[in-house]
Amino acid sequence: MKKIIFTLLAILFSTLAFSHGPTPQKVQESVTIAASPEKTWEALKNYSAFEKIMKVRSFKDKLMKAKYELIKTDVPFSDYNAQIRVKKGENDNESVVQWTARFYRTYKLNPPIPEGQDDATAVAAVKEIVGPGLAGFKKSVESQ
Amino acid sequence: MVKQKKLSIFNLKTSNLIILTFFLIILYLYFSSNVKKDHISKAYITNQGDNTVSIIDLETLNTLDTLEVGVAPLGITILQKKKLVFIGNVGSDDISVIDAVNDRLIKTIKLGTAPLSLTSNSEETEVYVTDWFKNNVLTISIEQMRVTNSLNVGITPSGIAYNKKHQYQVISNRDANTLEIYTKDHNLVKKIETGNHPFGIYTEGDFVYVANVYDDSVSIINLVDWSTYEFLVGAHPYNVRVHNKVAYVTNTVDDTITIYDLDSKKTIKTLDTGETPENLDLNIKLNLVVVTNWGSDSISIFDIQTLQLLKEIKTGAQSRSFGDFILQ
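The listed protein sequences correspond, in order, to chains U and F.
Under the working numbering, the first residue of the first sequence is numbered 1, with each subsequent residue one higher.
Under the working numbering, the first residue of the second sequence is numbered 1, with each subsequent residue one higher.
Be careful, since some hints might not be right.
As the list claims (entries may be wrong) - With beta-carbon atoms standing in for the labels, derived distance ranges: (1) Glu38(U) / Glu124(F): 53 to 63 Å; (2) Ser264(F) / Glu38(U): 37 to 47 Å; (3) Lys60(U) / Gln305(F): 23 to 33 Å; (4) Lys165(F) / Glu128(U): 24 to 34 Å; (5) Thr183(F) / Ala124(U): 41 to 51 Å.
If you're looking for bench data, these hints aren't it; they were derived computationally from the structure.
Ideal Cβ positions, reconstructed from N, Cα and C, are used throughout, including at glycine.
Make the full structure from the sequences, and use the hints.
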């Protein structure tokens with residue numbers, strides 16, 4: 001039994017170690033805001049703090065969905081596209097804001113992948129934008 | 001005495017009749033269920049984020065099963081007559097083969113390189129695979145279930161499709177902005193320029209259709225006179241399918257599909273999908289357009305006639321299915 005588990009673990013780690021390929025990465029985070037979806041959506045459309053990183057591609061009022069593309073260049077990820085959606089919360093005065101980012105690592109060729117150009121680095125860098133970004137937006141809406 | 005005998009014969013016949021009827025009903029149920037199983041249309045969705053394939057019954061629009069495959073499954077092709085599903089795993093550099101009759105994984109073919117997309121020849125004796133990193137197109141023999149040929153092609157071979165009429169393999173070279181067209185004996189027929197970042201391909205009759213991701217357009221290439229035509233769609237289109245002179249195109253950044261009339265050269269309608277719709281396939285028997293939504297981990301199913309959304313079904317994480325993914 002031990003041998004089987006060891007073999008399974010060995011297979012798992014060997015596939016992880018050689019894991020590569022043109023795989024888009026995804027970071028999806030949400031925050032609950034104490035404001036109605038309508039108010040939050042209007043606030044998002046007027047919010048300028050994201051513009052240092054990305055610019056608006058489109059606002060879809062009916063779906064309360066905003067699309068962004070990247071403008072910041074010195075980042076350890078590439079081909080970044082994001083959307084921010086405003087959804088209903090548990091009651092009328094609550095909304096959930098969900099940020100979904102899609103991107104790739106910077107190194108697109110065959111392994112070995114140079115340090116700092118891999119998937120993990122890219123994901124960590126995007127998380128550093130998304131997490132604090134949502135927190136800052138929440139603060140801004142709730143203080144209005 | 002005679003009367004009694006007659007009665008018993010009659011009784012025997014009745015009971016026989018009941019048994020026979022019962023037997024026939026069982027036989028009918030057995031065969032009808034088998035026939036139904038054989039002809040069920042199913043969608044196979046590669047979930048790159050959790051290494052699984054979701055199997056969707058397109059008649060009831062319910063999930064039938066979820067199978068574990070290799071790491072980071074992306075590309076797919078289905079041998080319709082042989083009922084075999086080939087899945088390319090870009091994380092484990094292999095191909096998972098699923099028997100579509102009982103939906104079991106029957107084989108893993110090691111490649112040692114990342115399979116991006118797959119297609120097969122008309123006879124279903126060979127599957128062709130684009131090898132993204134080493135710029136090859138690999139041939140897999142179905143009889144031997146192993147790689148039997150490797151053809152060096154232009155850089156970043158992405159989409160691949162097989163033209164049944166001309167017996168051509170058609171490949172998009174994403175970073176070279178070209179299409180390459182090869183005979184089934186692997187001789188280059190033509191290399192032709194496309195828009196910027198060509199990716200998903202569809203080919204039928206004398207035409208090839210390719211989505212140009214960075215140009216927000218689709219190129220149409222005539223395989224006889226090599227003339228080309230381009231039409232605009234939504235933002236970052238990934239793939240295209242055509243039926244009855246209507247093109248269906250996924251716009252990944254807009255979360256829509258464009259439905260474009262190739263005769264009048266006009267967009268008929270733009271439909272909202274789930275988030276980041278990447279690929280699509282059609283089922284003409286059931287009048288369906290099926291779209292994989294990478295962003296919302298789901299598929300959207302539309303009626304091809306009414307263009308109404310019938311259902312959005314949750315799949316595994318990061319559903320993609322690059323290629324033909326419907327067992328017709």
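The hints, checked one at a time:
no. : hint                              : verdict
1   : Glu38(U) / Glu124(F): 53 to 63 Å  : holds (55 Å)
2   : Ser264(F) / Glu38(U): 37 to 47 Å  : holds (40 Å)
3   : Lys60(U) / Gln305(F): 23 to 33 Å  : holds (26 Å)
4   : Lys165(F) / Glu128(U): 24 to 34 Å : violated (52 Å)
5   : Thr183(F) / Ala124(U): 41 to 51 Å : holds (47 Å)
Taken one by one, the earlier hints fail for this structure only at number 4.
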